[in-house]
Amino acid sequence: MNTTARHTLAVLVDNEAGVLSRVARLFSGKGYNIESLAVGTTDDPSVSRITIEVLADDKQINLLSNQLRKLICVHSVKALRPEHAIRRELVLIKVLAEDSVQRNEIIQVANIFRASIIDVSKSSLTLALIGDESKAEAIQNLLTEFGILELVRTGMVALERGQYTIDEQTKEKGEFDYGKNVL
Amino acid sequence: MNGAKILLECLIEQGVDTIFGYPGGTILNVYDELYSYGDRLRHILTAHEQGACHAADGYARSTGKVGVCFATSGPGATNLVTGIATACLDSSPIVCITCNVAVDLIGKDSFQEVDITGVTMPITKSNFLVRKVENLADTVREAFAVARSGRPGPVLIDIAKNVTAQQADFTPLPQREHAAYGRLHDLMKRYDFKPPEPDMDDIRTLAAMIRESEKPLVICGGGVVRARADAELTAFVHRIDAPTAVTVMGAGGIRGRDSLTTGMIGMHGSQASNIAVDHCDLLIAIGCRFSDRVALKPATFAKQAKIVQIDIDRAEINKNVETAHHIVGDAKQVLDLLTPLVPQLSHEAWKAEVFSHPTETHYDERPGCLTPGQVLNCIARLCPQDTIVSTDVGQHQMWAIQHFHFDYPGQLLTSGGFGTMGFGLGAAIGAQVSHPDKCVVHVTGDGGFRMNCNELATEQYYNLPIITVVFNNHTLGMVRQWQTLIYQQHYSQTTLDRGPDFVKLAEAYGLDGYRATDEASFEQALRTALERHRGTVIDCAIDMDEMVRPMVGGGSHITDFMIH
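Chains as they are written, first to last, in this note's numbering: chain A, 1 to 183; chain B, 1001 to 1564.
Possibly wrong hints are sitting among the right ones.
When the alpha-carbon atoms are kept at most 27 Å apart in a straight line, the in silico DSS-like pairs for lysine-lysine are as follows [unchecked claim]:
1. A:K70 <-> B:K1189
2. B:K1065 <-> A:K30
3. A:K94 <-> A:K122
4. B:K1297 <-> A:K59
5. A:K70 <-> B:K1215
Treat the hints as calculated values from the structure; they're not laboratory data.
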């Protein structure tokens, strides 16, 4: 049960200066490397949502979540289990394409992965792909032979499947959860 | 009114009567207003900002109220850092107020500018940078609420200099109404500032576990002291008739001479405490986070026992030691609910087993030297029973905790978690200022005292009759002890064969100084100090090779004593 795996934490925080560094330093301070990080505002402009992926075991995730809940800027924390969550990230890849043969082959690969071509030049193609890390890794492997000039990923964002939301979290009486957070 | 005045009005709202601090360029507006607040706010000017921070901490620990300190920007602010970390690790409620450069100078590497909110992020419960005067009152109210609520801790407010000069409307509000307005009101939707309501099912489960147990042991941790739950703990342990081990931070959580206390637990714990942990079948840890100085080796800690953790901070549950059951709540509240649910129990055989091992250490006399026991027993004999004792960190700290019988929360002021040498004198100043009628003894070593002895100036100026007892063994004793036992007697950079002459130093600061080389001369010096009721330093000659006993090595099983 306590094996290290990639976990996804969704964290709702105040949309204020310094909040990201408070959250991020908690991970570094406790000795964890953040594998992926994505931040953006939510439907409420005063609240941002941070999606963090980290390598840890279940117990460590529990401890990290409890530490995060002690930060005043944190509204709620939810560890999203892979089987109950949809996870997506956007990957932009610029590939070398110096002739039409190469260009066509790359376009074929892009079509198979439902990646869109968002920029073309005489010697390059830029692809945009939405997916989880296995999809990104697969297309990366195929494109390597053409020559990847640049690659950028947004970091994973995730939502729970079904009607549940992050705000429901406190109602699900878990091991540590009764009542509101206490400082 | 201007920001500086709003700040001071907000402090008065919070019931603050004393501020420890040190002025400087950016905080001048605040000190200018303070000039006319002398009748309502007492300002204690220390020799160094670190001393101010430790004094605020000592004030907080000894009174249970929030301690307050002021410092200017840049070096003033960074000098607070060690004090803030000390308060953080020991969950002591302090509010540090610093002023930064004006908003339009922030980020330009201005004179005496530092990003102190960034620096103190990991060592505060929360911190704030106030850039607008309209936010000032709200922020101060939030800061105090955060510092004292739940698991207490330090909070820092950094105020841009121009904010202290700007004008804004200010409506005074009684403290109980703060939660109804502003930022606190919003925050209350997400956080409880009251202790969490303990879960009754969890408490009933523990009551059932207690009834089934034949060998229960209780650990009294710092949470009992912070919650001032000494009466509740005493009632509880006598109800279930369980031996009770005390951590460094838990000292005073139960009377030191109570028939059920087994003394200190952990690295320098008594044999009774450590062996009881190893043999018990139920371990109830109250307000204790199982630090590496207590649990030592988590994998084998209390291996025959079901471990139950009672803590106000749910992030502490299962952090260091895996528990079988836990209750999230305030120690006082949980014990009040728990005690009536258990019948009067009796564990004579178990107690006989535990108390067959020594609960205290006896140190042999050495000719030509004072022993730690002689010094401490003499202090205990001559000083009033409610004497407040502050310590620095090292051998003298462990000796003091082993020998004194602390009777109430806030009687011992010591840096348990952070282990800050130089904490003692500042803390003693905070305690003496807030308890003018009590005797305050500052127990220190020659290493720790040398670090922050500059605060003798503060002690003298404010006529604080603190008695400083220096365990002078001319070495960093605890480090030397490790070098003796673990590092093949390589005494690398630990021998302190150097000045100053502590008696002359005391005299230079206008205090009394005495030297004691045997029990009679120490007793004479202490009697004189108590009679004269003046700040005093007593320099005690302690043998360099005296060790703290017993000792279990770091990471070792709790009964694997290196020395007994």
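Status of the hints after comparison with the structure:
A threshold of 27 Å between alpha carbons decides the hint, and for K70 (chain A) with K1189 (chain B) the separation of about 15 Å falls inside it, so the pair holds. Between K1065 (chain B) and K30 (chain A), the direct Cα distance comes to roughly 30 Å. Violation of the 27 Å bound is thereby established for this hinted pair. Using a Cα cut-off of 27 Å, the hinted pair K94 (chain A) and K122 (chain A) holds, with the two alpha carbons roughly 13 Å apart. For the hint pairing K1297 (chain B) with K59 (chain A), the CA-to-CA distance comes to about 19 Å; that is within 27 Å, so the pair holds.
Restraint check for K70 (chain A) and K1215 (chain B): not satisfied, since their Cα atoms lie roughly 35 Å apart, outside the 27 Å limit.
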